[in-house]
Amino acid sequence: MAETGRMAVFHGTGKPFEIREYPVPEPEPGAALIKIALANVCGSDLHYWRGEQDYARMGRPLPLNTGHEHVGTIAKLGEGVTTDAAGRRLQVGDRVAYRYFFPCGRCKACLARHFKSCPVRQANWLVSCEQWPHFQGGFGQYFYLRPNHAMFLLPPEITDEMAAGANCAYTQVYAGLDIAGLKAGQTVVVQGAGGLGVYACAVAREMGAGRVIVIDGIDERLELARQFGADTFVDLREFTTPEARVKRVKELTDNWGGDVVLELVGHPGVVDEGLRMTAPEGTYLEIGNINVGWKAEFDPSWIIFGNRRIIGLAHYEAEHLRGALDLMLRTLTKYPWHKVVSHKYPLEEINRAFAEQDKGHVTRAAIMPN
Numbered sequence: 003m004a005e006t007g008r009m010a011v012f013h014g015t016g017k018p019f020e021i022r023e024y025p026v027p028e029p030e031p032g033a034a035l036i037k038i039a040l041a042n043v044c045g046s047d048l049h050y051w052r053g054e055q056d057y058a059r060m061g062r063p064l065p066l067n068t069g070h071e072h073v074g075t076i077a078k079l080g081e082g083v084t085t086d087a088a089g090r091r092l093q094v095g096d097r098v099a100y101r102y103f104f105p106c107g108r109c110k111a112c113l114a115r116h117f118k119s120c121p122v123r124q125a126n127w128l129v130s131c132e133q134w135p136h137f138q139g140g141f142g143q144y145f146y147l148r149p150n151h152a153m154f155l156l157p158p159e160i161t162d163e164m165a166a167g168a169n170c171a172y173t174q175v176y177a178g179l180d181i182a183g184l185k186a187g188q189t190v191v192v193q194g195a196g197g198l199g200v201y202a203c204a205v206a207r208e209m210g211a212g213r214v215i216v217i218d219g220i221d222e223r224l225e226l227a228r229q230f231g232a233d234t235f236v237d238l239r240e241f242t243t244p245e246a247r248v249k250r251v252k253e254l255t256d257n258w259g260g261d262v263v264l265e266l267v268g269h270p271g272v273v274d275e276g277l278r279m280t281a282p283e284g285t286y287l288e289i290g291n292i293n294v295g296w297k298a299e300f301d302p303s304w305i306i307f308g309n310r311r312i313i314g315l316a317h318y319e320a321e322h323l324r325g326a327l328d329l330m331l332r333t334l335t336k337y338p339w340h341k342v343v344s345h346k347y348p349l350e351e352i353n354r355a356f357a358e359q360d361k362g363h364v365t366r367a368a369i370m371p372n
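Using this note's numbering, the letters of the sequence shown map in sequence onto residues 3 to 372.
Bear in mind the hints are in silico, worked out from the structure with no lab data behind them.
A few of these clues could be false.
[Claimed, not checked] For lysine-lysine, the following DSS-like pairs were computed, each having C-alpha atoms within a straight-line distance of at most 25 Å: (1) 341 x 361; (2) 37 x 78; (3) 17 x 361; (4) 185 x 336.
Just need the whole structure built from these sequences, with the hints factored in.
Structure follows, in structure tokens:
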């Protein structure tokens with residue numbers, strides 16, 4: 003009998019995950035099979051779960067094996083896979099972090115080395131989990147790492163809890179601040195102190211930010227952001243309107259604003275105030291609003307007359323993942339990287355994990371499938 007593995011199957015908005023078993027795939031040449039150690043519930047996973055981004059309306063085939071922010075060990079190596087992306091020798095049992103999407107390497111974006119913009123980079127989610135290789139996401143015991151992957155060996159100092167967020171939230175903000183061109187001494191404003199926002203504080207600090215201002219209203223998040231390098235806060239419970247928050251950020255920055263402002267809330271309602279607290283010549287870095295069809299209203303003249311720019315960012319380049327891991331290794335005693343994963347749940351309790359993270363007091367829920 004063929005070996006099987008368990009996964010949480012997503013049937014669509016409003017329906018609970020279901021635990022099913024599927025055959026464990028043999029990796030094709032250039033591919034690898036990962037045994038999942040931890041898979042986090044990312045903010046985008048919550049968007050799909052709530053129905054704010056509907057897989058069915060997007061034409062995705064259901065059911066799906068979802069989840070993308072995870073870490074694990076090599077279970078099987080396909081023919082030709084002998085080293086990681088840095089040239090280090092690989093073998094079964096090695097702990098690895100990896101890019102969870104797969105650029106084709108042949109389209110116009112890839113040929114220009116803009117791999118993060120490859121139009122088919124997430125083709126693994128265009129296939130139902132009913133079809134081979136079944137394990138296309140992270141909420142299960144295995145993940146099929148397709149050819150054209152980027153994978154990096156993890157040093158023993160970086161635990162699974164630290165590394166799980168590296169292939170999405172952490173590297174996403176690392177890439178964003180790198181592409182935004184953050185300069186030493188500049189002010190960074192972070193809208194939203196969930197997992198992305200907490201990581202952004204540490205990355206901004208290590209890239210030389212002179213001040214990191216965080217906007218949120220949940221005590222646990224604000225405290226964790228402080229431990230990750232934030233030094234000033236705008237509490238939503240005190241500053242209850244967009245106008246009050248913009249005014250407060252201006253007061254904190256000598257009426258200038260943030261040189262780089264990151265939108266990490268994932269709601270279009272915060273875009274206008276985010277732009278209005280962006281300094282002249284500054285950058286508004288839009289990462290959180292992945293919900294197709296939602297509308298944001300703002301005055302474009304504010305962008306023009308302030309010579310501001312907006313950068314949208316989905317995904318990252320492989321070198322960003324390597325750089326993020328190197329930064330983490332250098333700062334293990336400086337930031338509590340292990341605290342971003344705040345709660346752990348067995349695979350069978352994935353529905354409870356989503357419900358509790360949705361309430362806001364769970365920074366990152368981690369699903370443990372084994």
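The hints, checked one at a time:
no. : hint      : result
1   : 341 x 361 : 18 Å, holds
2   : 37 x 78   : 9 Å, holds
3   : 17 x 361  : 18 Å, holds
4   : 185 x 336 : 21 Å, holds
Every hint from the earlier list agrees with this structure, and none is contradicted.
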